[in-house]
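Novice: Just need the whole structure built from these sequences, with the hints factored in.
First to last, the protein sequences are chains C and W.
Yeah, the first sequence ends on 145 if you go by this note's numbering, and it's all consecutive.
Yeah, the second sequence ends on 1152 if you go by this note's numbering, and it's all consecutive.
Please keep in mind that the hints were generated in silico from the structure rather than gathered at the bench.
Quick list of in silico lysine-lysine cross-link-like pairs, DSS-like style, CA-CA up to 27 Å:
hint : chain 1 : residue 1 : chain 2 : residue 2
1    : W       : Lys699    : C       : Lys99
2    : W       : Lys696    : C       : Lys99
3    : C       : Lys(-8)   : W       : Lys717
4    : W       : Lys878    : W       : Lys805
5    : C       : Lys(-8)   : W       : Lys760
6    : C       : Lys36     : W       : Lys709
7    : W       : Lys913    : W       : Lys752
8    : W       : Lys711    : C       : Lys36
9    : C       : Lys(-9)   : W       : Lys717
10   : C       : Lys36     : C       : Lys(-9)
11   : W       : Lys805    : W       : Lys982
12   : C       : Lys(-9)   : W       : Lys913
13   : W       : Lys833    : W       : Lys893
14   : W       : Lys878    : W       : Lys833
15   : W       : Lys805    : W       : Lys887
16   : W       : Lys887    : W       : Lys897
17   : W       : Lys878    : C       : Lys(-13)
18   : W       : Lys760    : C       : Lys(-13)
19   : W       : Lys995    : C       : Lys113
20   : W       : Lys805    : C       : Lys(-6)
21   : C       : Lys(-13)  : W       : Lys711
22   : W       : Lys833    : W       : Lys886
23   : W       : Lys805    : C       : Lys113
24   : W       : Lys961    : W       : Lys1034
25   : W       : Lys897    : W       : Lys752
26   : W       : Lys970    : W       : Lys982
27   : W       : Lys1034   : W       : Lys1098
28   : W       : Lys709    : W       : Lys696
29   : W       : Lys760    : C       : Lys(-9)
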Amino acid sequence: MNELLIKKARKKNKEAFVELMENCQQQLYKIALVMLGNESDASDAMQDTILSCWEKMDTLRQNRYFQTWLTRILINHCNSILRERKRCVFGERIPEEGVVSEGYDQVEWIQMLENLSEKNRVVVLLYYGEGFKVNEIAEILEISSSAVKSRLAAAREQLRIEYHL
Amino acid sequence: MKDWETLEKQMKQEIEVPEPVKRKMQETLKNLPERKRRHWNRTRRLAVAMAVTLLVPVGVYAAGKYILTARAKGNLEMIGLQGESEGEIETAALDIQFGYVPEGFIRSDLLHYSTTGKLSGWENQDGFFAGQFDGYPIEMRYVINKEETMIQGYEAYCYELDPGMTEGYCNYIFMNNPAVAGQMIYLGGMKNVSMEELKKIAEGLKITMKEETVTVSVVNWDDELKWMDEEAKAAAGGYYVDLPAENQVEGMILPGIGTSETFEQKEFGTLEIKEVQITDSVKGMQPEYFLNYEKDVAPFVNADGSLKQIERKTNEYGEKGITQKNEEVGLRLVQVNCVVTNTLDEKMEFWTGSVHLHATRKKENGSYQILNKRYDNHEPLVLEREYPIYFDQAENTETETRNHFFYRVLKPGETLSYTVAYIAYEDELEGLTFILDQDYMGLQRQTYEMNDQTKINAPFLLVQK
Chain C
-19 MNELLIKKAR KKNKEAFVEL MENCQQQLYK IALVMLGNES DASDAMQDTI
31 LSCWEKMDTL RQNRYFQTWL TRILINHCNS ILRERKRCVF GERIPEEGVV
81 SEGYDQVEWI QMLENLSEKN RVVVLLYYGE GFKVNEIAEI LEISSSAVKS
131 RLAAAREQLR IEYHL
Chain W
688 MKDWETLEKQ MKQEIEVPEP VKRKMQETLK NLPERKRRHW NRTRRLAVAM
738 AVTLLVPVGV YAAGKYILTA RAKGNLEMIG LQGESEGEIE TAALDIQFGY
788 VPEGFIRSDL LHYSTTGKLS GWENQDGFFA GQFDGYPIEM RYVINKEETM
838 IQGYEAYCYE LDPGMTEGYC NYIFMNNPAV AGQMIYLGGM KNVSMEELKK
888 IAEGLKITMK EETVTVSVVN WDDELKWMDE EAKAAAGGYY VDLPAENQVE
938 GMILPGIGTS ETFEQKEFGT LEIKEVQITD SVKGMQPEYF LNYEKDVAPF
988 VNADGSLKQI ERKTNEYGEK GITQKNEEVG LRLVQVNCVV TNTLDEKMEF
1038 WTGSVHLHAT RKKENGSYQI LNKRYDNHEP LVLEREYPIY FDQAENTETE
1088 TRNHFFYRVL KPGETLSYTV AYIAYEDELE GLTFILDQDY MGLQRQTYEM
1138 NDQTKINAPF LLVQK
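Specialist: Put into structure tokens, the structure is as follows:
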């Protein structure tokens, strides 16, 4: 029923928006966690994403782009957090890499992806984990489709070498 | 970790969202800022009133003091509850049970059915739902058929949307109880549920009133019509993208075609386009060098190897919003023989797709305008036309996903001759243009944004002079 929820949420129907976000919760968390590596930052990114989406929902022009639009907003917020982290690296705040909830350490694949560069990691997750198409990832990350494909190839090559896949 | 397939499966799995994260999310959703109500001045109200007169009222359905109404503009139509007061009214909550379910469908949740038991969505195009309609206006595009009828004493409004243009529910039924204000039900069916079947499902519903009440929205057509008008205006901007005249290159050599392994911003490597052949057939070409030949290419190829005619859908933007033109058009294969050279003393990653093929038309100011984006974007991958679908020197062809990377690592100083092929429409050959995608090298360019007149600052050359 997401399609109908999107239609309503675009016109600022709060109940529809809440339901829509609840439906997307799992996906948002997964992407944020892989990008940021810890529960606390992932939670912050999700909160910022929800508020941005609510504010900008009526600017979404086509319902079918909701998923890419939402993911793009989330990734922008994740990038802001990563930038902030880099600024703080010589200051008092130490990044909480790897601080995650119980059960997460069983998720071997996230640890494998941690060895990839940030830009390659997110491409792999969106393509293989979330099932986005190359051109959708290009839209989300604001890069070309060829750059997406190139990053996928590079990431796969690195995983193949490191883990003998 | 065992193998790549295992890794892929694991990546697809859901991760449990921890309780603290859920709580924070709930808190955020509970405290969303209120919608700022738009206050229009008199002039704006007058403008809206004038706009309203241009819109076509397409239905007014009586139900006491509250009626279901529909408005249309171009291909956009909305249906909502209209009444003597704006805002919301209370009506009895309904318990809705399914009496008739088409064969092969199983319950996916309280109100949804599908053939797999999964919730219906754009990805699977499968299933139907029924629920109490809260009156909040629903937009429908590409309506191809409408019917008013009676179902179980309810006035029923049946909408069939063009399945070729609609991703999602393409059949809707709105049911309105004429005796009880605001008591409405709606049903939606994906492509595998015909209107006939949806009507049977509606006829079979067991509807009982509960003691509790629900809130139903009453449409403010001023707001909705303004929104519809904005939609049409936004669409009228189109997706056109310009190629500035100063970026046109002569000759057939494109510089800066590769990138270093570390994606550094370097310009090196050259690509020479040796020969371009335009044919109407794939005869003699190796299927394994195509992008998933059987799945993606074969549907467009006749038994003798010639390319089929297809029905092209073109979006046209204007005062009436988005309208669509369907026309038969032939496909052509643009085969390009190239030589790429790594000019540096380090390895170079080369992606054939960094050269895009676009259909363009020349504008009066000498720049070229990309045409591709005006077509319906539900096209199969092979008809995207921008990227090559054939590469005879692909490094990795062992799996489907690797095959279409069309990627090679070139050793220092290495030269590679290769053939790529693109698909083009037969009536767009005149303006065919190769564009070097500079994003690949980490250089900035303006991104495609809807409603803006954007441009790509990248070298381009015309295929045919």
